[in-house]
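**Student:** Letter by letter, the chains look like this.
Protein chains: 2
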Amino acid sequence: MPACYEASRCAEAGMDRIDTVLKAVPEDLVTTDQDVVARYLTDFRKYMTGASRAVLRPRTTEDVRRIVALCAEHGVPLVPQGGNTSYCAAATPGVAGDELVLSLERLNAIREVDAPNLSLTAEAGCVLSVLQETADAAGLMLPLDLGSRQSCQIGGNLSTNAGGVSVLKYGMARDLVLGLEAVLPDGQLLDVLQPLRKNNTGYDVKQLLLGAEGTLGIITAVSLKLVRKSVQTVTAFLAIPEIDALTQILARAQAYTGECITSFEYVSDHSLRMLLAARSELRHPLTAPNPHYVLLEAQTASPVFPLEDAVSQLLEQLMEEGLVTDGTLASGGAQRDALWVLREHIPEAEVANGGSVKHDVSVTTSRLPAFVKEASALVEDHSEGGRLSIYGHVGDGNVHFNVVAPVGAVPATYKAWFEREVSPRIYDLAVAMGGSFGAEYGIGRVKLDLLDRYGNPAKIALMRAIKTAVDPKNILNPGKVVR
Amino acid sequence: MPACYEASRCAEAGMDRIDTVLKAVPEDLVTTDQDVVARYLTDFRKYMTGASRAVLRPRTTEDVRRIVALCAEHGVPLVPQGGNTSYCAAATPGVAGDELVLSLERLNAIREVDAPNLSLTAEAGCVLSVLQETADAAGLMLPLDLGSRQSCQIGGNLSTNAGGVSVLKYGMARDLVLGLEAVLPDGQLLDVLQPLRKNNTGYDVKQLLLGAEGTLGIITAVSLKLVRKSVQTVTAFLAIPEIDALTQILARAQAYTGECITSFEYVSDHSLRMLLAARSELRHPLTAPNPHYVLLEAQTASPVFPLEDAVSQLLEQLMEEGLVTDGTLASGGAQRDALWVLREHIPEAEVANGGSVKHDVSVTTSRLPAFVKEASALVEDHSEGGRLSIYGHVGDGNVHFNVVAPVGAVPATYKAWFEREVSPRIYDLAVAMGGSFGAEYGIGRVKLDLLDRYGNPAKIALMRAIKTAVDPKNILNPGKVVR
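Chains A and C, in that order, give the protein sequences.
In terms of the UniProt record's numbering, the first sequence opens at residue 1 and continues consecutively.
In terms of the UniProt record's numbering, the second sequence opens at residue 1 and continues consecutively.
If we strip away everything but chain A, and leave its shape as in the complex, we get (with noise of 0.2 Å):
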């Protein structure tokens, strides 16, 4: 029989399950619309389109369980889809059109805001930034904040373990779930989402599905820890002379004010300019530009620590040492935020001249100032002219190393040799110093080679005992995270 016939009968046989499933889903959790469900299939960076019959929108957990069970009944594979902000592609269907897009937007109810637990537990398609509110409004604070807050979705947040700006005080995503539930892939209801503390009874198998990326269940719920509010917040745009400085200013920062730093995050002189250039209603924040700038955010819930006094004594010692050259300090309000832009919109420059190579590299904090020296060389040598874009999250070890096309070449053509030819030396670099080739984008489908190349063979066969235990029918989001 001929392999042709083979997989066009299986294609078929596919189509059928699929219209089984989609003829047993209660008919207003499913659109086949296809100018709807093509609002689906695109990834954030527009990596790819992938192909689906259907969205399935969900309304409740039990929605959920029933969607699952069908679906792991009939074989039928489901790509779960939060605010679809994923850098990797870890959210957007292959194209062969054999998979449903399972978006969890529905789900966002706030279901319970314990104020004197410190949480509050809430639905997987709950926005970031409502959530933010929700906890601000109870006179707390919930702690995880990144650039995409208006339209990441927690269930997302978490099945990539998010980082952000608040990673430095509050960790990693992983670090603010108390407790979780989900859809297990036969359809089972995985209940831990007790707001508990503490809790060790048994293998803590939410841990497993926090930056699984929704392949080994789907979060439907989640408690999160909420923190003190900051009563006080201080911001200062510095302006450093020697990139060496950074771990030794942080540390200063951090010892002076006893952990009330709460972000610490880079941004190079290329990457102003470019945000500069690209914006020309912003206005730099200091006298004279610099090779290197560093956002520092310093915030206590105490009324009574004199923060802005210590920031400003930091400031002049770090000024009298020369590791400071120039900064400016705002105290909040409509000062603070011009300074959070400089920041925040770097990436809407990159787009603005065609989008960068983004290197989303960790290393120590130690080894980082050699690390973007070394990797700004490296590109220097081969990169016949691309232009550097340097910033993040480095209090946390985290730079988003990223390379631009050079003016006058073709953005997408430069973009896919830059990928071929000189991106694996830099994350060879990485990894060379102790460092990790993916942050916190995660892997998707965009990482799965780098993954491969430079993972620890046990681990990646760890990882595949476990999604062959857990999801033997391979029925969620197919050939993202593990091949």
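Don't read these hints as lab results, they were simulated from the structure.
Any given hint might turn out to be false.
[Stated by the list, open to error] Capping the alpha-carbon separation at 16 Å, the derived lysine to aspartate or glutamate pairs in EDC-like fashion look like this:
#1 A/K169 <-> C/D175
#2 C/K373 <-> C/D428
#3 A/K373 <-> A/D449
#4 C/K169 <-> A/D175
With the hints as your guide, set chain C onto chain A.
**Tutor:** Below, chain C alone, put in the same frame as chain A:
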């Protein structure tokens, strides 16, 4: 063929397999002297004494790898053991004698202190206090701290996801892990040891080994987060007339000091009286007895935060409002130690009274006062004179709700009766209130029945699927955590 013959044949075959393994392991790593072996066979709380032909004491990760590979090949189960301080007999072999004890005590090298990166890499057999001292010598602090710090080992701390007295500010042992090295049940080396704060590259498999009590792999080394050293410590011992006020006091303390609160420990008057009676050299720290006490500790790395003033002002406010009726402050040194003795030596006082039935319960902090009141009433109604000893990490919602035999009763008999007749009511109450029957001690061998009774079925099924996939021959710590 009679079953007994089968069994004895199997037992003999088991002995043959053990012989094969023991002959293949280098002699200097094997101890068969039963006088020495005996030290490894009884658990800390003396629940049980197991049997083992030998104790294996590897010196390197490669030794561990070879031993596990040999045991996998020949089907010989291993019981990993650290400082043997488990409260749940998690490191004690069974009575059949068909398991070998694997002590990690000789894997005690400190591999690296990376001060700028705030990390410490050390082997599994390092005693916790040694690691604390190592961090201190580097001008930093390892914030994991618990009563058994002088004897527990870091591998055991991680395998049980230890809690302790600093969880409120710094989290559980899990939260302090940056990287892990472990030997998997097939002898493969899992090397994800890099001390990176961000590394989202596939499933975070190390999470699975943390808290798995040695059933999924043998932890051989860990990279831990360090923090800036506290330069100010203020400790307070407070009298609280109403237990309901606990959460309010904690909230006020955290808000006023900006989350400097490291410890918020409860001591009941029952426990304090028992301790003062058992240790005549100790003095009551306040002028008069009270039903409830809190040991509160605030710490900061900042030299400029007026911490002592802040805590004093806070106490004045709380006393004016009647939430606190009496209190004493210590700023470090011997005064501080004297207050901590009143909290940390309570277990000794229980032992001096014949030991206690321990219920290591957690609930949300919002429900903790209600739990203590209801559970106390329940003991009063059903315990036939049992003496309450309640204390613990109430800032984390974790209370050690213990019961000591009445004066005059035979402790062993009474405790067995209580565990059978009354303990289930206490656990039922905790779980009905959304809490956990096991906050920080783990499951081990002792709490398997409780996990069956209270665990989410999907969670238990998932645990079994994972154990079967990762350790198909069931050679790592069989009979613990999962059946």
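**Student:** All hints are to be evaluated individually against the structure, with a verdict given for each.
**Tutor:** Hints versus structure:
A C-alpha spacing of about 13 Å is found between A/K169 and C/D175, which places the hinted pair at or below 16 Å, so the restraint holds. Straight-line distance between C-alpha atoms of C/K373 and C/D428 comes to about 15 Å, which keeps the hinted pair within the 16 Å bound. Distance restraint check for A/K373 and A/D449: the Cα-Cα separation of roughly 26 Å exceeds the 16 Å cut-off, and the hinted pair is therefore not satisfied. As the CA atoms of C/K169 and A/D175 are separated by approximately 13 Å, the hinted pair is consistent with the 16 Å bound.
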